[in-house]
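Protein chains in written order, with the numbering used here: chain A, 1 to 120; chain B, 1 to 114.
These aren't lab readings, by the way, just hints derived from the structure by calculation. Ideal placement from N, C-alpha and C gives every residue a C-beta, glycine not left out. Any given hint might turn out to be false.
Listing some non-contacts, in silico: residues in chain A with all C-beta distances to chain B over 12 Å [claimed, not checked]:
{"#": "1", "residue": "V11"}
{"#": "2", "residue": "G16"}
{"#": "3", "residue": "T17"}
{"#": "4", "residue": "D27"}
{"#": "5", "residue": "E63"}
{"#": "6", "residue": "A72"}
{"#": "7", "residue": "T82"}
{"#": "8", "residue": "H85"}
{"#": "9", "residue": "D88"}
{"#": "10", "residue": "S95"}
{"#": "11", "residue": "T97"}
Dumping the calculated EDC-like pairs for lysine to aspartate or glutamate here, alpha-carbon to alpha-carbon at most 20 Å [stated by the list, open to error]:
{"#": "12", "chain 1": "A", "residue 1": "K20", "chain 2": "A", "residue 2": "E52"}
{"#": "13", "chain 1": "B", "residue 1": "K41", "chain 2": "A", "residue 2": "E22"}
{"#": "14", "chain 1": "B", "residue 1": "K56", "chain 2": "A", "residue 2": "E52"}
{"#": "15", "chain 1": "B", "residue 1": "K3", "chain 2": "A", "residue 2": "E59"}
{"#": "16", "chain 1": "A", "residue 1": "K14", "chain 2": "A", "residue 2": "D88"}
{"#": "17", "chain 1": "B", "residue 1": "K41", "chain 2": "A", "residue 2": "D88"}
{"#": "18", "chain 1": "A", "residue 1": "K41", "chain 2": "B", "residue 2": "E44"}
{"#": "19", "chain 1": "B", "residue 1": "K101", "chain 2": "A", "residue 2": "E87"}
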Amino acid sequence: GAVVSQHPSWVICKSGTSVKIECRSLDFQATTMFWYRQFPKQSLMLMATSNEGSKATYEQGVEKDKFLINHASLTLSTLTVTSAHPEDSSFYICSATLLAGGFFTYNEQFFGPGTRLTVL
Amino acid sequence: ELKVEQNPLFLSMQEGKNYTIYCNYSTTSDRLYWYRQDPGKSLESLFVLLSNGAVKQEGRLMASLDTKARLSTLHITAAVHDLSATYFCAVDPLYSGATNKLIFGTGTLLAVQP
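Build the full structure now, drawing on both the sequences and the hints.
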């Protein structure tokens, strides 16, 4: 159980175009999804927290107009990189949490397989 | 600002040897996770440590948590080549609300040499 998928697994696009990445929880309902970015040989950096039915919360320094996040259902969140540039090339990883309820409830994040974006 | 630091950043060790990776964090937390990442892949969950003094073991890996010292360790016993990967710790800051954000450590690249 607790499987998270991402699509596509890799994408190459031209500079200036937009790219959409999907994150799906396959066998559970995820009230919260997270988007991370990872540059080569670096750690994961949290970009934003996405809650179903509400606006995403972006981390400091992440441009919300460039990285559009939509969490329209309990099983799907999308990240759209708008007007992509070569510096946006990175490995994008999503994760999903099943909220069991309660402020101090332990809620593990389940990670997707990642999407490698290359912008030419 | 919450910081999560791992030591060492790179570890080259021989098969059969023992070693420990350290994860220090700068804020109150009683939830710490260890992950493994192979090149080009996403994260594989290794351990979830939920309380002070928690110790978990799986095969040649053992993780522990000391919330008072804000320190977690990942101990490798009799390393084998298959353990070569990058290891991350991640901290869930207490009182982050219902968001359950994770702050990742810097990562430790482990290379086990025959």
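**Report entry** Outside-interface status for H85 of chain A - nearest CB in chain B farther than 12 Å
**Finding:** holds (23 Å)
**Report entry** Interface exclusion of V11 of chain A relative to chain B, criterion Cβ beyond 12 Å
**Finding:** holds (15 Å)
**Report entry** Non-interface label on T97 of chain A, tested against every C-beta of chain B at 12 Å
**Finding:** violated (6 Å)
**Report entry** Pair hint K3 of chain B and E59 of chain A, alpha-carbon separation not exceeding 20 Å
**Finding:** With Cα atoms ~15 Å apart, K3 of chain B and E59 of chain A stay inside 20 Å; holds.
Query raised in the report: Per the stated criterion, does the least C-beta distance between T82 of chain A and chain B lie above 12 Å, as a non-interface residue requires?
Result: holds (24 Å)
Report task. Say whether it holds or is violated: E63 of chain A keeps its Cβ farther than 12 Å from all Cβ of chain B. Result -> The claim stands: E63 of chain A keeps its Cβ more than 12 Å from every Cβ of chain B (closest is about 19 Å).
Query raised in the report: Taking 20 Å as the top limit, are the C-alpha atoms of K20 of chain A and E52 of chain A close enough?
Result: holds (18 Å)
**Report entry** Nearest-CB test (12 Å) between chain B and A72 of chain A
**Finding:** Its Cβ never comes within 12 Å of chain B, the nearest being 19 Å, so this holds.
Report task. For the pair supplied as a hint, K41 of chain B and D88 of chain A, confirm whether the alpha-carbon distance does not exceed 20 Å. Result -> holds (19 Å)
Query raised in the report: Is the nearest Cβ of chain B still more than 12 Å from the Cβ of G16 of chain A?
Result: Given that every Cβ of chain B is farther than 12 Å from that of G16 of chain A, nearest at about 27 Å, it holds.
**Report entry** Cβ separation check - D88 of chain A to all of chain B, threshold 12 Å
**Finding:** Consistent with the label, D88 of chain A stays out of reach of chain B, its closest Cβ about 19 Å off (over 12 Å).
Query raised in the report: Within 20 Å, alpha carbon to alpha carbon, are K14 of chain A and D88 of chain A?
Result: holds (11 Å)
Hint compliance for this structure: hints 10, 11, 14 and 19 are not met, and every other hint is.
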